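Now for the letters of each chain:
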Amino acid sequence: MKWLAASALIVATGAAVTTPAWSGPEAIPGVANPARAKQNWMLSCQGCHRADATGTPQTTPTMAGFVAKFLHVPGGREYLVQVPGVATAALSDADLAEVVNWSLVRFDAANVPADFKPYTAAEVARLRLKPLRTEAMTIRAGMVARFAPEPKQQK
Amino acid sequence: MSGLDKFSEKMTRRVARATSRRSLLTLIGGALTGAAVIPVLPVSRAQAQGHGHGGDPVAPQTTGNPQDPGDQTQCDYWRYCAIDGFLCSCCGGTASSCPPGTEMSPITWIGTCLNPADNRSYIVSYNDCCGKSSCGRCLCNRNERDRPMVRPQANNDINWCLGTSSAIYNCSTAVILGVALEQQ
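Going down the list, the protein sequences come from chains H and B. Using our numbering, you'd call the opening residue of the first sequence number 176 and step up by one each time. Using our numbering, you'd call the opening residue of the second sequence number 17 and step up by one each time.
Bear in mind the hints are in silico, worked out from the structure with no lab data behind them. Predicted model, so just to flag it, every value in this text is computed and none were measured. Some hints here could point you the wrong way.
[What the hints assert, rightly or not] Some chain B residues flagged as far from chain H (calculated, every beta-carbon gap over 10 angstroms):
| id | residue |
| --- | --- |
| 1 | Phe23 |
| 2 | Thr28 |
| 3 | Lys148 |
| 4 | Asp162 |
[What the hints assert, rightly or not] From the structure, some residues in chain H lie toward chain B, with a derived Cβ separation under 10 angstroms:
| id | residue |
| --- | --- |
| 5 | Arg211 |
| 6 | Met217 |
| 7 | Cys223 |
| 8 | Thr231 |
| 9 | Thr234 |
| 10 | His247 |
[Unchecked claim] Simulated restraints on C-beta separations:
| id | chain 1 | residue 1 | chain 2 | residue 2 | range |
| --- | --- | --- | --- | --- | --- |
| 11 | H | Thr234 | B | Ser113 | 46 to 54 angstroms |
| 12 | B | Ser149 | H | Gln233 | 16 to 24 angstroms |
| 13 | H | Pro288 | B | Asn135 | 26 to 34 angstroms |
| 14 | B | Met165 | H | Arg301 | 25 to 33 angstroms |
| 15 | H | Thr263 | B | Ala133 | 34 to 42 angstroms |
Where is the CB? At the ideal position from N, CA and C, for every residue including glycine.
Work out the full structure: start from the sequences and follow the hints.
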C-alpha cells in the first residue's frame, strides 16, 4: 500500500504546484498545467495575437471576446484547430490541445458553450493533419456571417 | 657657366665641411620617428577604437544590475540570442525601447534566452522599431531556435514591422516578458 500512498502524494503535490498558477476560481477544463499553457501561448501565439489576444486589424483578427463564438456554428470546432497558425504550431498534440482549451477560457470565457467538451490530444492530432491554407479566410468569413443572431443574447 | 659651377662647388664643399654624415642620419631618423609617433597620439587612438562591432563608436551601456550582466551595445549580450538586425541600444534607443521618432511594432517574434547570471531562461520578445530608415549601426545576427521561412512565426529574417503605421525597419529591441518554466 505504500506505493499507493506515494503516488497519491505525488498527484496531490502536482495539483498543489499547478493550481496557484491559475488565478481564476477553478481550473480550466482540459488544461493540465495552466502555467505551461500560458508559456506556450506566449512563445507560439502571442507574437501575432498580442498578449491580450486583441490582434491587429491588418494582420491578425481579434480573439478576445470573440474566439469561442466559433464553437456555436457548424465546423467551428474543427476550424479552430485547422486554422494555419494553430495546426502548424511547433507544439505537440497534447500541448496544442491544452493551449487551445486555455485560450478559449482565458480570452473568451463568456462565449464558451456550457456543454463545451475540451479538445483532447487525439482530436487535435486528427484535425491538424488537414490544416487549412489560403481558403481559411473564406471559411472564416462564412462562419462569422452565421454568428449574427447571437444565441446567447436571444435567451 | 664656370661661375655657377664654382659657386655650387663652393657651397657643396662648405656644407660638407660644416656637417657630418652622422648628422644627416640623425635628421632622417628624427623624421621617421616623428612620423611613426603620429598614430600613437591620443586623438588618433580614439578614432581607431572600434568598440567591438564593425567600428561603430558606441559607449558601453550596462544596467549595473548583477542579474542582468553584459553590455547592451554588444551582440553577445545575453538577451540578443535570437536577434537579427541593428541594436536599438546603438541607435538612440535601449535594449527595450525604441529611438525617438520610431514606433515599436506590436507584432513580434518571441523566444527564450538563457541568462548567464542565474542560469534560467527568460522569454524575450524581439520588437522591431519602425518608421525611420535603417539605423545601420551594431548589426547583430544570432539565430538561436530561429526557424526557416516556412515557419514565419519563428523566423527572424522577416521584417516584423507589422501593425505599425510604417513598415520601414529601423532597429530591433529585446524585451523581457517573463521567466520561462523549468524544462519538464
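Should the hint that Ser149(B) and Gln233(H) are 16 to 24 angstroms apart at their CB atoms be regarded as holding? holds, 21 angstroms
Take the shortest C-beta to C-beta distance between Thr234(H) and chain B; is it under 10 angstroms? holds, 5 angstroms
Is the claim that Lys148(B) lies outside the interface with chain H correct, judged by CB distances over 10 angstroms? Correct as stated: the minimum Cβ-Cβ distance to chain H is 20 angstroms, above 10 angstroms.
Starting from the range 26 to 34 angstroms, see whether the pair Pro288(H) and Asn135(B) falls in it by beta-carbon distance. violated, 45 angstroms
Holds or violated: is the Cβ of Arg211(H) closer than 10 angstroms to a Cβ in chain B? holds, 6 angstroms
Measuring from the C-beta of Met217(H) to each C-beta in chain B, is the shortest one below 10 angstroms? holds, 6 angstroms
Least C-beta distance between Phe23(B) and chain H, which was stated to exceed 10 angstroms: holds, 89 angstroms
Is the hinted range of 25 to 33 angstroms satisfied by the C-beta distance from Met165(B) to Arg301(H)? holds, 28 angstroms
Given hint Cys223(H) near chain B, where the shortest CB pair must fall under 10 angstroms: It holds, given that the least Cβ distance between Cys223(H) and chain B is near 6 angstroms, below 10 angstroms.
Regarding Thr263(H) and Ala133(B), is the given constraint of 34 to 42 angstroms on their beta-carbon distance met? With a Cβ separation near 35 angstroms, Thr263(H) and Ala133(B) satisfy 34 to 42 angstroms, so the hint holds.
Against chain B, is His247(H) within 10 angstroms by beta-carbon distance? violated, 28 angstroms
Using Cβ atoms only, decide whether Thr231(H) comes closer than 10 angstroms to chain B, and label the hint accordingly. Hint on Thr231(H): holds, closest Cβ of chain B at ~4 angstroms, below 10 angstroms.
Checked against the numbered hints listed earlier, the structure breaks hints 10, 11 and 13; every other hint is satisfied.
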